[in-house]
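Novice: Below, each chain spelled out in residue letters.
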Amino acid sequence: MISVADLFTDDRIPGNYFATDTYLKSDLELGIIENRAGSRLLALPAPLIEAIYSGLEKETGQATSLVLSNCGRWWGRNFYKRFCAELGDYYSTAVSDMPMVEFLQALEECWRVHGWGRIEIDQSYHGKGFLLVYITNSPFAALANVKGKNVCALEAGVLTSFFCEITGKDITCIELACECAGAERNCFVVGLSKRLQGVDLMLEQHQTPTEILENLTA
Amino acid sequence: MSKTITELFNEAENRYLQPEELQALSGYVDSLPVRLDVYKRLRDQEAPLMQKVADQLQGSLPQEPVSNIERSLKQALLLLRTCAMAMLLDDEALVEEKLVTWTRKMVQAYGTQQINRVLYRLLQENLQTLFVASDLALLERPMTQAESAFIGEQPPASS
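If you're matching them up, the sequences are chains A and B in order. Residues 1 to 218 in my numbering are what the first sequence lists, from first letter to last. Residues 219 to 377 in my numbering are what the second sequence lists, from first letter to last.
By construction, these hints were calculated from the structure, which means they are not laboratory data. All of these numbers come straight from a predicted model, not from anything done at the bench. For each residue, glycine too, the CB sits at the ideal point set by N, CA and C. Keep in mind that a hint or two might mislead.
Unchecked claim - Listed next, with one range per pair, are the computed distances between beta-carbon atoms: (1) A:ALA85 to B:THR224: 44 to 54 Å; (2) B:ASP262 to A:MET1: 55 to 65 Å; (3) B:GLU310 to A:ILE32: 23 to 33 Å; (4) B:GLU239 to A:SER54: 45 to 55 Å; (5) A:ASP11 to B:ASP248: 28 to 38 Å.
What the hints assert, rightly or not - Derived lysine-lysine pairs resembling DSSO-like cross-links, with alpha carbons at most 27 Å apart: (6) B:LYS258 to B:LYS270; (7) A:LYS25 to B:LYS323; (8) A:LYS81 to B:LYS323; (9) A:LYS169 to A:LYS58; (10) B:LYS323 to A:LYS128; (11) B:LYS270 to B:LYS221; (12) A:LYS169 to A:LYS194; (13) A:LYS169 to A:LYS81; (14) B:LYS270 to A:LYS25; (15) A:LYS25 to A:LYS81; (16) A:LYS169 to A:LYS128; (17) B:LYS221 to B:LYS258.
Only chain B is shown next, with the shape it has when bound in the complex (with noise of 0.2 Å):
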């Protein structure tokens, strides 16, 4: 769960919680159906929809070696799982800790950013005709936050 709603657990002793606070918190509880749905519509697809993401990812790039076009792919599922796990719970924080790094220093050893820029428009792509601009808008911000990794580019200066 999201880093404010887990914090409001801890004001038990402290206070009612403000209406506010449980605006955030019914507010969350409101959009778990939508994510629940989106998440088992997200597991059922996984095979069917990476199947897809790969053939077209061999289409694209008939010169790579299939070991490198595998290596992406699994950071791909790697990535679709993390990130679906982050939309269901709204946890910001899960994709940073999980994914990011582990994938950043992946694809700079492996060097595969120009593989993963591919794969990551494909799997967008794809992602685009299984699912509605609603539903898409929850897995938003955890691919947001996996994709500049993912793709390879430096992370902001700030972090």
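One chain only, chain A, in its complex shape (with noise of 0.2 Å):
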């Protein structure tokens, strides 16, 4: 028989850690916001991110995807930590004895939270050694001011750190369509480096996601 007693993690039932209210705090006087595991957070006003963009096309032209992505890369390894840490404090275990399906939805909720956009992993090229990870409402691409290119290289980078800590191998995240360059939503592909070699060509050759996720898994 069930007990319902042992149902419970110290006499809590956890459930969605990201929950806005009770997630983000803030102290006016002292001029702070934290989350509820008292770590600081950084609210960063639209003419930065604007600012950002413009100053690194201006500074480095060419070389703004790489610079946002090994940004993005840093970003991604300390986001990941902290991920890690107050989740499995949040649900007394460890995140890796977490349930993907609970794991992945905390994601989304916490990308959600923080502003970033809604993602959505989709699993469906998950045995072709594949995963697709969509983005929407990105506060990057809708400040980028670029038309016409994939510009979140930013992202890419967080992703890819993200999915190398998890997995322990070398991963890496690529955008495959743009909200700038036209598409529904932003579409990045995560996989194993060496499988996602060619994806630079394809993107450079206009193929669409879709040619790109046949060419990868043919």
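Reconstruct the complex from the two isolated chains, following the hints.
Specialist: Next comes the structure, spelled out in structure tokens:
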């Protein structure tokens, strides 16, 4: 028989750690924003993000996406550590022992509550060794002020580190389609670096995400 | 507290409250002793109530793996606690913010609609044996808000 008393985690039923009103705390007098674990959060004003994009474009030109991607990787490594530590504390279990469904759902909620848009993990290519990630309402894409090319290198970098850390393997994440280039949503492919080597070339040939995925899984 | 009442407190510098606004406030204050009472009884009854539901659920779905049943029971415990709080504070937004999206995704991801439907019915039946109709009426709104997500119905197209 099931004992209801055994279903609790320290007399709690953990739900959504990232529920907005419990997750975010601010102290106007001290001018700080914190999350529920007391970690400091940073609010980025839109003009700053715009300025980062335009400043990088002016200073580094073509290297912009490389710079953003590297920044994203740094951010992603720290983000992963904090994500796992806080989630692990909340669920009183190591993140590696969490069911995948709950882990991914927490990631989606985490993304949303920080104002990075809506992220969706599509596992339909899981069997072929790839994950697809969709992001909509990304402030980074919206504020890039660029038309006609993929601009979410920062997020691609974050996701690269995040999935490297989870899997312990050499993983890369590449943006395949971008709202800035007319796509409905930003689409990323995640997979082993060596299997994604040809993707940059395919993107240069203006292949669609569907064509690229067909080539990758052929 | 309900949004209407919370917003009343922001009016201090503008004006004194209108009679109908004071009415809304005293309506909530008057209902508070009952809300507290129902809340306390729910708290005290949580364990026996949910244990009974758990036993009946296992009896109704003997083929179902225990892990699935346990997962759904956890969702039900979360639902009950959230609805109890929403009832106490008369806060409609609370269920939506803390429970609905999360539960809806979990139920879809694990595909436990069938178990949750049976579980929700058993929960309702057992609540009816513990509480009188006027107590249940207080719980009804948050429970209804949570129901469709919990049993895995698609949200209405407008939301």
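Novice: Which hint numbers doesn't this structure obey?
Specialist: 1, 2, 9, 11 and 14
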